[in-house]
Amino acid sequence: MPQFSHLHVHTQYSLLDGAASIKDLMAKAKEDGMKALAITDHGNMFGAFQFVNEAEKFGLKPIVGCEFYVVEDRHQRSFTKGAKDKRYHQLILAKDQEGYKNLSRLCSLGFIEGLYSKFPRIDKELLTKYKDGLIATTCCIGAEVPQTIIRKGEEAGEKVFREWLELFGDDYYIELQRHHLKNLDNSGLSQEDVNQILLKWSVKYNVPVIATNDSHYVEEDDFNAHDILLCVNTGDFKNTPIGNGKGYRFGFPNSEFYFKTQEEMSKLFSDIPQAIDNTNLIIDKVVAPELKRDIMLPNYTLPEQFSDQNEYLKYLTFEGAKRRYGELTSEIVDRLNYELRVIADMGFPGYFLIVQDFTSEARNLGVSVGPGRGSAAGSAVAYCIGITNIDPIKYNLLFERFLNPERVSMPDIDIDFDDEGRSKVIDYVVEKYGRDKVAQIITFGTMAAKSSI
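Going by numbering that gives the first Met the number 0, the first residue of the sequence shown is number 0, and it counts up by one from there.
In short, the hints are calculated from the structure, not lab data. Computed from a predicted structure; not experimentally measured. Heads up, the beta-carbon is just placed ideally off N, CA and C, and yes, glycines get one too. You may find that some hints are simply not true.
The list that follows gives simulated cross-link-like pairs (lysine-lysine, BS3-like), each with its CA atoms no further than 30 Å apart [unchecked claim]:
id, residue 1, residue 2
1, 117, 80
2, 284, 60
3, 80, 29
Pair by pair, the computed Cβ-Cβ distance ranges are [said to hold, decoys possible]:
id, residue 1, residue 2, range
4, 367, 185, 55 to 65 Å
5, 429, 202, 48 to 58 Å
6, 340, 227, 50 to 60 Å
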């Protein structure tokens with residue numbers, strides 16, 4: 000049986016559309032003997048960092064990709080009456096480190112320049128500019144090539160196919176999927192009809208074919224849970240029939256969109272074994288990206304009389320301690336020295352100096368600053384330099400919950416600013432430390448079992 004690995008995979012980061020956890024996918028791929036795995040979420044790379052790290056733990060080769068929304072003009076946001084935003088799906092994989100950077104650029108620009116409704120969109124202008132290091136496929140039924148075949152016929156589809164082939168050359172592949180779909184968009188064509196046309200072009204243009212399954216959940220039994228997730232996404236009732244038009248809702252037509260085993264995929268494509276084997280052409284071509292969690296703090300400028308960050312942090316701490324406590328007992332001094340030693344050993348004095356800088360400036364600007372929440376409230380140093388307003392010594396709070404020398408990880412200080420003043424603080428940080436040193440990071444809310452019911 001030819002070796003196969005999945006190259007078109009959606010995780011839970013295909014928000015309210017994918018229902019597969021990265022760990023579950025990795026575990027199944029490892030158990031099944033796959034040697035690689037791709038992540039290709041809709042319009043984003045939110046899961047890329049976790050995906051690459053988990054792949055290393057499971058001994059799998061990670062392939063980072065994205066299923067983009069491609070439009071004719073990413074800047075267009077208004078349409079004439081009756082016209083709609085025509086979006087095509089497009090699978091793109093990063094071949095190497097340069098490709099990963101270009102993939103990141105495309106994702107970012109999709110949100111920055113192309114966001115319409117909830118869809119981050121790119122266009123061929125961007126793909127032409129940032130195609131280096133990238134691999135493309137004909138993708139799924141929702142992609143431009145299959146859609147042109149369905150709506151305009153084989154001749155028009157071939158013209159579009161040649162455009163994509165010219166754009167990506169040897170890094171363009173014909174992607175085949177078999178979900179047993181019939182009468183696509185009332186065209187009379189089935190998914191297999193489209194596949195046969197693509198196979199004809201594979202021979203004509205000498206373009207390799209690959210098999211994928213566009214998986215959105217791990218096991219076939221997950222189909223119902225995934226369908227419920229789609230209803231949460233669209234706001235429809237589950238008993239509404241799946242289909243197009245009034246009185247119908249969005250949904251997957253069957254339970255075939257799961258993470259199938261190598262054996263299942265080989266049986267599905269037993270008449271085209273090269274489509275299974277050719278997945279290794281891409282796997283062998285890809286160099287896994289280096290995504291290390293580097294600490295890249297901006298430089299904190301010290302006052303002239305200080306030459307060392309640890310020295311200055313200690314100065315601020317004990318000056319602040321005098322204001323906070325008045326008399327410094329041995330308990331207070333010992334606690335502060337212990338925390339300062341841990342901070343120094345872990346290399347984080349600059350982080351504390353930066354955070355105290357913008358929290359102090361926030362108060363100077365008249366911005367309301369929260370008293371502190373989370374594990375940072377356990378730091379007496381943070382209390383003394385004005386980051387928090389909760390005395391951890393008084394309330395017997397543990398510093399080790401915040402910074403533990405046995406577990407080296409970046410400190411995480413949660414700070415609340417009032418809604419109106421928040422932008423002032425961000426502007427200050429950007430102006431002082433540089434726009435390239437500041438980013439706003441997304442957080443994801445998850446639906447636990449109890450809250451989902």
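Consistency of the hints with the structure:
1. Note on residue 117 and residue 80: the hinted pairing holds, with a Cα-Cα distance of about 20 Å set against a maximum of 30 Å.
2. Distance hint between residue 284 and residue 60 is fulfilled; the C-alpha atoms sit about 11 Å from each other, no more than 30 Å.
3. The straight-line distance between the Cα atoms of residue 80 and residue 29 is roughly 51 Å, outside the 30 Å bound, and the hint therefore fails.
4. Between residue 367 and residue 185 the Cβ separation comes to about 58 Å, which falls inside the hinted range of 55 to 65 Å.
5. The beta-carbon spacing between residue 429 and residue 202, approximately 55 Å, falls within the hinted interval of 48 to 58 Å.
6. For residue 340 and residue 227, the hinted distance range of 50 to 60 Å is satisfied, since their beta carbons lie about 52 Å from each other.
Checked against the numbered hints given earlier, this structure breaks only hint 3.
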